[in-house]
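Asks: Residue numbers (the numbering used here), protein chains in the order written: chain R, -6 to 162; chain X, 12 to 161.
The hints are simulated quantities; they were obtained by calculation from the structure and are not laboratory data. Treat the numbers as computed from the prediction; the structure is a model and nothing was measured. Warning: the hint list may mix true and false statements.
Claimed, not checked - Negatives, chain X to chain R, calculated, CB over 10 Å: (1) Leu45; (2) Glu74; (3) Ile92.
Stated by the list, open to error - If you want the footprint, here are the derived chain R segments under chain X, 3+ residues with CB under 8 Å: (4) 27 to 39; (5) 43 to 57; (6) 62 to 68; (7) 83 to 97; (8) 110 to 122.
Note that the Cβ used here is the ideal one computed from N, Cα and C, for glycine as well.
What follows is each chain in one-letter form.
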Amino acid sequence: MAKRFAVLLLILFALPAAASPARAASAPAPVMAGSPAPDFIRPGLDGKPVALKSFSGKVVLVDFWASWCPPCIIEIPQLIGLQKKHAGKLQIIGVSMDDDAAAAKDVAGRFAFNYPLLMGDAKFGHRYGGILGLPSAFLIGRDGKIVKILRGELKPGELDRAIQSALGS
Amino acid sequence: MHRRAFTGSLLSLLAAAPALAQSGSAPTIPEEALIQPVALAEILKAGNPPPLLQVGFSVMYSEAHIPGSIYAGPTGTEAGIEKLKTAVKAFDKSKPVVIYCGCCPWVRCPNVAGAYKTLTALGFAQIKVLYIADNFGADWADKGYPVAHG
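With these hints in hand, go ahead and build the complete structure from the sequences.
Replies: Listed below in structure tokens is the structure:
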């Protein structure tokens, strides 16, 4: 009897967990201004590894984008311009949230990117507190801490001002 | 809750939902087919919600989605439309079904209009499209409405 009861308990508790592993995933920890930037090392779209730590001492902008996000695409020339303007002091890293690399590579071929691009995913997004809308960008100071989080379409000059401020601090 | 009672409560919540300030784009979707996040959240709270389908991008779904919703997208692509058709094959077309995306601002969403058109063509009579003005984060998760991950 006790054995049957134990088996029943096992079925009751184990089966739902096995049937819906996705629901077991936990909510991401919040990431905010002042938090240390979550570290990462990932292969870039060009195959070369991209490590956040390798840019320590520079101001870094981690820009989450996707090929299907019109404002993200509109912002690309502006980001290329800012990377050029602040070369040596600023490092932009583009993180594609596309479902597959082919779409990101297609965009990569349409612009003269002067900063590395890599593929993100849900886990990567969770490490940055959850990326539930694009564009989203994290400006990281020279000390490795997040200075500013920019969500949604940028207003003219908004990003440049934030970068100037981070470079000056 | 009986189906009829559920339909009644759904309709009353829809009527109580704040009027859409600007229907914006996704212009092919009629305003009466839209459902506001607050209204859907109330339906979820009451229990026994209609089938929910996320018709956007799978990375975004994995990051966060409405609990119980099924992934069937991205319906901005032919492959996503086929996925949607497969997902709703066994659904009762006379009953409500809710679709949502939230990848981008409403006016720029590449997915919901295609999903709405497809379900309409399949004969679904009570399609509701979740009106997400900005994105799923700002208009759903940040409002404290329920979210599942994975």
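Asks: For the region 110 to 122 of chain R, do three or more residues have a beta carbon lying closer than 8 Å to a beta carbon of chain X?
Replies: Answer holds; 5 residues pass the 8 Å Cβ test.
Asks: Taking 10 Å as the cut and beta carbons as the points, is Leu45/X off the interface with chain R?
Replies: At about 19 Å from chain R, Leu45/X clears the 10 Å cut-off, so the statement holds.
Asks: So is Glu74/X really clear of chain R, every C-beta pair being over 10 Å apart?
Replies: For Glu74/X, whose nearest Cβ neighbour in chain R is about 5 Å away, the distance does not exceed 10 Å, so it is violated.
Asks: Taking the shortest Cβ-to-Cβ distance between Ile92/X and chain R, state whether it exceeds 10 Å.
Replies: holds, 15 Å
Asks: Can you tell me if the region 62 to 68 of chain R counts as covered by chain X, using C-beta to C-beta distances under 8 Å and a minimum of three residues?
Replies: holds (count 3)
Asks: Please count how many residues of the region 83 to 97 of chain R have a CB within 8 Å of a CB from chain X and say whether that reaches 3.
Replies: holds (count 3)
Asks: Residue count check for the region 27 to 39 of chain R against chain X: does it reach three with CB-CB under 8 Å?
Replies: violated (count 0)
Asks: With a cut-off of 8 Å between beta carbons, are at least three residues of the region 43 to 57 of chain R near chain X?
Replies: With 0 residues close enough to chain X, the hint is violated.
Consistency note: the structure conflicts with the earlier hints numbered 2, 4, 5.
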